[in-house]
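Colleague: Listed in order, the protein sequences are those of chains A and B. If you read the first sequence in my numbering, its first letter stands for residue 1, the second for the next number, and so on. If you read the second sequence in my numbering, its first letter stands for residue 1, the second for the next number, and so on.
Quick caveat, the hints were computed from the structure, so don't treat them as lab data. Keep in mind the model is a prediction, meaning the values are calculated, not measured. The beta carbon of each residue, even a glycine, is placed where N, CA and C say it ideally should be. There may be inaccurate statements among the hints.
To be verified - Below are the SDA-like pairs computed for lysine to any residue, each with C-alpha atoms no more than 20 Å apart in a straight line:
1. A:K200 x A:G170
2. B:K202 x B:R178
3. A:K202 x A:R236
4. B:K291 x A:A154
5. A:K291 x B:L198
As the list claims (entries may be wrong) - Counterexamples of contact, computed for chain B against chain A with all Cβ distances above 10 Å:
6. D147
7. G156
8. R236
9. E296
2 protein chains.
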Amino acid sequence: MTRTVLAADFGGTHLRAAVVDENGRVLARDERPTPTEATAASVTAEIVSLLRSVAPGPGAAPSAVCIATAGLVDADAGRVILAPNIPGFRNLPLTEPVAAALGIPAFIENDASAAALGEFRFGAGRGLRHLLHATLGTGIGGGLVIDRRLYRGAKGLAGEIGHIVIDPSGPRCNCGSRGCLEALVSGVAFAQRARRLLAKGKSPRLAVIAAGREPNGRDLLVAAREGDTAAEAEIRNGGHVLGLGLGSLVNVLNPDAVTLSGGLLGMGEMLLGPMRDALSSLAYGPASGTKVLLSELGDDAGLLGAAAVAFERLEDAGLRS
Amino acid sequence: MTRTVLAADFGGTHLRAAVVDENGRVLARDERPTPTEATAASVTAEIVSLLRSVAPGPGAAPSAVCIATAGLVDADAGRVILAPNIPGFRNLPLTEPVAAALGIPAFIENDASAAALGEFRFGAGRGLRHLLHATLGTGIGGGLVIDRRLYRGAKGLAGEIGHIVIDPSGPRCNCGSRGCLEALVSGVAFAQRARRLLAKGKSPRLAVIAAGREPNGRDLLVAAREGDTAAEAEIRNGGHVLGLGLGSLVNVLNPDAVTLSGGLLGMGEMLLGPMRDALSSLAYGPASGTKVLLSELGDDAGLLGAAAVAFERLEDAGLRS
């Protein structure tokens, strides 16, 4: 019988859990809305309760559990340092209480780093050696697989690709700096672009679509698809900027491929075409041919990523013992 | 007796060679001007001749030879793909003829990558695990040490940190893109900044210092040190932009430290002060405390880097056999 692990993905809107085998197959799964008014104790209890609801009965015990979560994570210490979108989730020791409750080794990982290892083990990055993964959603995250292993950096912070500066005179980022990739191309950034267009009266379709409320990135896409050229230009410019960011990182890292996941992929070729052009034009020498691959794990990237991290941690423990 | 290697650094102005031991001590050295009108055959002959001139006599034979060179290198294939500053140096198979002539295993490496491993083994990065090294000279190069080993990427191109985009509307870079780090802060970029100041009549001291000829980066520094505020502002802005570039890479890589080498370090705190401020303000969360260390190898970074690569290659061969 193949070994299994418990995996959880603790996102801004949903808390998902699953039993996953070594081939990346989901044997059982469940999800709940992310608790909105949470203390450290209630968050931990909610995670444990959801994990128990998917865990198989005695005799088929998973070998470990891993929780992927948004925000800064000290994976080695098992602590969430800062999860901006989840109230009360700050300097929270998470692995110790989860391990105690479930009686198996527990690990945590940043969700974008987990997604990178998930794509490498089970998805679009199978068989590659060096991988740069970008998660393109409300914010921009990233993860690195180097020499077939998740790369965490000195303090577990590696992969924060949303905070590379692309334009020092660009819009203010949530992190306090100006012109970060995330401030120029992300769900939040496209919503800002839409609001700016509307304020300037430059997008007649957008005014109709938003109909009096604040427009968001999805409205911008709908307007562009209906032929609004100003809306389309914003999305194409976002794709171009994304390509400059990813191309810069290709020049530094020279990965075998760049893999992409997240809701912004719904913008399709309007975003991805200019992204590919900018990336291959910026990437230096033979790196201009670096492949860009779309996620094969979709919404399950975080969940299967958590499982991939659990398996890698178990293998490392096996190697050390 | 300690093991030794032959090392060469093939730069734009000088060709240097040395015998180096496992502690990074230089036991013998020599140098010549880089040949200006060179064919593949004459370059190879010149390198072999210089290496022979430093090689010890029979009975104390070095175990391997490594040549560090500017430009794009396919280290695994032993080929220089492109060395823009050295005419005739293009798609040149280098390790095979050198190994045949000297009778020991021969390797090549990009000089900035070699410098990174040199600082890790023998210089400012000793004892660290993950290192980002930047060479700040006529151009901007870089190298990565990850998990205590030189990281080359998928095709040996990793570390091209001069070609991350910092400002898409910035000046044109030699690579064809706009606003690369190298186009904003490098020897070439500071010379451009000096020419622009002069053309605009904004720097009275610079006009005196350059005295009718084209001003360069050194003139800009002299003017700034003599109190020319426009010249100083250019250098401080360059430092700020450098900090944004290095801070971006710290967010992606989370290294234990950033090490710096190259002629621009001669600009001192006028460059490095704004660089440190921008880096630590941009770097995310606990990464804002990432150390910036100045090279301990100075002009020998490429040469000792080549030696470090030779020792790492020998160790790898030992592990595999």
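Colleague: Determine which of the earlier numbered hints do not hold for this structure and return their numbers in increasing order.
Modeller: Those not satisfied are hints 2, 5, 6 and 7.
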